[in-house]
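Sequences listed follow chains B and G, in order.
Letter by letter, the first sequence follows residues 24 to 161 in our numbering.
Letter by letter, the second sequence follows residues 81 to 656 in our numbering.
Mixed in with the good hints, there may be bad ones.
With the Cβ distance kept under 8 Å, some of the chain B side facing chain G (calculated, not the full set) [said to hold, decoys possible]:
(1) A118
(2) I125
(3) Y136
(4) L150
(5) V151
(6) D152
Covered stretches of chain B (chain G as the covering partner; in silico rule of three or more C-beta atoms under 8 Å from a C-beta of chain G) [to be verified]:
(7) 61–73
(8) 78–87
(9) 96–108
(10) 138–144
Where chain B lies over chain G, by a calculated footprint (3+ residues, C-beta under 8 Å) [as the list claims (entries may be wrong)]:
(11) 170–184
(12) 204–210
(13) 219–229
No lab work stands behind these hints: they were computed from the structure.
Every value quoted in this text rests on a predicted model; they were computed, and no experiment measured them.
Note that CB positions come from ideal geometry on N, CA and C, so glycine has one too.
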Amino acid sequence: MSTGSDPPLRATRPPRVVAWGHAQARLQHDMIGVGDLHDDTSYGRLLVRSLMHAQISLSLMCLAIALTVTASIPVLAAVYPEVIRFRLLGLPLTALVLGGGIYPVLLAIGWFYHHQAGKLEARFLELVDPAERNRHDA
Amino acid sequence: MMPNGPAAAAIALVTLLTVTLGARGLRIARTPADFLVASREVPSAINAAAISGEYLSAASFLGIAGLVFAQGLGALWYAVGYLGGYLVLLLLVAAPLRRFGAYTIPDFASGRLESLTLRRTATVLVLVIGWFYLIPQLTGAGITIQFVLGTPYWVGVVILGLVVSGNIAMGGMKGVTFVQSFQYWLKLCAIAIPALVLLGIAGPGTARNLSPDREAIFTHRTLVHVSDNISFTPSRPIRVTVTGVLDRRRMRHQPVQLTVGRHQADAGTDLSFSAGTPVPLRISLVSAHAPSWDSPLVTAGTDGAHPLVATYGLIIATFFGAIGLPHILVRFYTNRNGPSARRTTMIVLILLSGFYVFPALLGVLSRLRAPQLYLTGDTNSVVLALPTQLLPGKAGELLAALVAAGAFAAFLSTSSGLLVSVAGALSHDVLGGSTRAFRLCALVAGGVAMVVALPLDRYSLTVLVGWAFAIAASSFCPLIVLGIWWRNLTWIGAMAGLVAGGGACCLAIVATMLGAATRGWGAVLLGQPAIWTVPLAFCTMIVISLLTRQALPSNVEQMLQRMHLPEALMQRIHSR
Numbered sequence: 024m025s026t027g028s029d030p031p032l033r034a035t036r037p038p039r040v041v042a043w044g045h046a047q048a049r050l051q052h053d054m055i056g057v058g059d060l061h062d063d064t065s066y067g068r069l070l071v072r073s074l075m076h077a078q079i080s081l082s083l084m085c086l087a088i089a090l091t092v093t094a095s096i097p098v099l100a101a102v103y104p105e106v107i108r109f110r111l112l113g114l115p116l117t118a119l120v121l122g123g124g125i126y127p128v129l130l131a132i133g134w135f136y137h138h139q140a141g142k143l144e145a146r147f148l149e150l151v152d153p154a155e156r157n158r159h160d161a
Numbered sequence: 081m082m083p084n085g086p087a088a089a090a091i092a093l094v095t096l097l098t099v100t101l102g103a104r105g106l107r108i109a110r111t112p113a114d115f116l117v118a119s120r121e122v123p124s125a126i127n128a129a130a131i132s133g134e135y136l137s138a139a140s141f142l143g144i145a146g147l148v149f150a151q152g153l154g155a156l157w158y159a160v161g162y163l164g165g166y167l168v169l170l171l172l173v174a175a176p177l178r179r180f181g182a183y184t185i186p187d188f189a190s191g192r193l194e195s196l197t198l199r200r201t202a203t204v205l206v207l208v209i210g211w212f213y214l215i216p217q218l219t220g221a222g223i224t225i226q227f228v229l230g231t232p233y234w235v236g237v238v239i240l241g242l243v244v245s246g247n248i249a250m251g252g253m254k255g256v257t258f259v260q261s262f263q264y265w266l267k268l269c270a271i272a273i274p275a276l277v278l279l280g281i282a283g284p285g286t287a288r289n290l291s292p293d294r295e296a297i298f299t300h301r302t303l304v305h306v307s308d309n310i311s312f313t314p315s316r317p318i319r320v321t322v323t324g325v326l327d328r329r330r331m332r333h334q335p336v337q338l339t340v341g342r343h344q345a346d347a348g349t350d351l352s353f354s355a356g357t358p359v360p361l362r363i364s365l366v367s368a369h370a371p372s373w374d375s376p377l378v379t380a381g382t383d384g385a386h387p388l389v390a391t392y393g394l395i396i397a398t399f400f401g402a403i404g405l406p407h408i409l410v411r412f413y414t415n416r417n418g419p420s421a422r423r424t425t426m427i428v429l430i431l432l433s434g435f436y437v438f439p440a441l442l443g444v445l446s447r448l449r450a451p452q453l454y455l456t457g458d459t460n461s462v463v464l465a466l467p468t469q470l471l472p473g474k475a476g477e478l479l480a481a482l483v484a485a486g487a488f489a490a491f492l493s494t495s496s497g498l499l500v501s502v503a504g505a506l507s508h509d510v511l512g513g514s515t516r517a518f519r520l521c522a523l524v525a526g527g528v529a530m531v532v533a534l535p536l537d538r539y540s541l542t543v544l545v546g547w548a549f550a551i552a553a554s555s556f557c558p559l560i561v562l563g564i565w566w567r568n569l570t571w572i573g574a575m576a577g578l579v580a581g582g583g584a585c586c587l588a589i590v591a592t593m594l595g596a597a598t599r600g601w602g603a604v605l606l607g608q609p610a611i612w613t614v615p616l617a618f619c620t621m622i623v624i625s626l627l628t629r630q631a632l633p634s635n636v637e638q639m640l641q642r643m644h645l646p647e648a649l650m651q652r653i654h655s656r
């Protein structure tokens, strides 16, 4: 981390360009996000907080789904013992669910998270650094 | 047990291969950093296979199928939990942990919270968890070598201990990364091929042994040859024809009525059971047996007390334990960046779920087709015994050889990863971190594990590993999760949580091993302690941190930026 020991750069920052040319507009946006993160301003902190909040919400939602699916199995078995007596292809339901049936569910949750987390980061990059978006568009 | 030549050869081959590749690494590894992390940039697919190879230990390879056979389908929760652990790891820590860039848990603790005291506490816990996990690997080796060669149990323990600590002391992980990824595929083949072949042989037929609330029966007239002295008990009076020594009486082709209670058959005795006879249980398997084999609740570690609570205890331990295992974090360091860490973890999930289908299959197959193993087998060696039980002759011997080789690959790869972590922590934090210190520590740590593993062969490998997960879930998991997501964590809070959660969990497990409580709430809260120690650790960390706000590290914001901002953005920020 280089920012810790650096003197605050706010004073030396070039004045913002308010002309509406395409290149300058891009420059102006660039200043808001990246500059604030660099200088650790309150706006920069807010940006980090919002990203963390979005990420942890996504994670906790996926975790809640995974734990609900998993945790409902023992409770179902305890409350309705006749459910586990059910057989498919001669095999007990327990063997089918715990021996393989639950894996695709867990994988699907992981897959969904993997993609959403990537998207969140891409959106955040665009928000903070529109130059990124233009680069992608080109 | 006759020595199995092909199996011995296969084990020797796997070991030789590992040592050769490790020695190749010797020439490249120069600095301690080289020893600890092979290289920063390993392709995701190879890295994922290496992670899986390292993760699939004795517990997964031998333990789960054996425990399913011995205690019932509820033991499959171990497999689900080991996979779920990786899902939680993906959801909560994969990318931020990679971005933080620490390669050991003590590094993370001291880097994030700026405290040397916390670092030392974390080092102690790395040693505790590492050893707890290392011991079942050595135990597994002892059991496998015993099974294959008929040597005493300690021989295998010493062989694996010497090979692994010697190999690590010479080569570090430089060669091991690629060995590990190779070993995943070896393990998959070594369990999938026998499982599918045996499934084909078993074919369609009666599924009577899968009926609920019923003990296993001999599905056809079965002659059981007893190769060691065994004690067993029938669940109800049965008839058996005996040739040999039963209950100290020599008999020849003599029908006997066996009452419920302890009986002993000497080595060399032949017991003949007619179809439909309930299989008598070997004494070592009695207490662990679930009331109904198809129940989806856990009885392991708690002697069947309060199975619902035990199941939740195990789910919490395994789902949250993987994050805190000392040999896992180092593998994330070898990813290029946060997104590639997530991608690697996703591939790991796929690879692991592909593997875990087979232990389940083997467990069910052995119940269905080889119920005589309830009489002659042992929880940990069911997988090794199954091929020759179902497929007599050379073919069965070859399959058994493949299983033994896979099992040995499992012990080698997991214990290598663990020993690197333990030796790394020990040398870095106690001896100053030179390469010589690392080598010395690898040998010492391996030696200690060998000695401790010697009296532990009566425990299920899976249960021992499950306990290592419980300790990790009650200590490092809250440290890492809160360290990544909560800006108010202080080193004092983290310390208090590690000591309270990790300490309580260790004490509970030691109490269980000493037999402090064998029934009721005592047994379940001590035998599957994660259900209360994990919340205890989280709560302690949060409450004490809020009470010690003055100890907040000064650079929290920079730490959070580093862990959460995408790398591309960090580069632009730095380049300003």
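Hint check results:
1. A118: holds (5 Å)
2. I125: holds (6 Å)
3. Y136: holds (6 Å)
4. L150: It is violated, given that the least Cβ distance between L150/B and chain G is near 10 Å, above 8 Å.
5. V151: holds (6 Å)
6. D152: holds (6 Å)
7. 61–73: n = 4 at 8 Å, threshold three: holds.
8. 78–87: holds (count 5)
9. 96–108: holds (count 7)
10. 138–144: It holds, with 3 qualifying residues against the three required.
11. 170–184: holds (count 4)
12. 204–210: With 0 residues in contact (Cβ-Cβ under 8 Å with chain B), the coverage given for the segment 204–210 of chain G is violated.
13. 219–229: violated (count 0)
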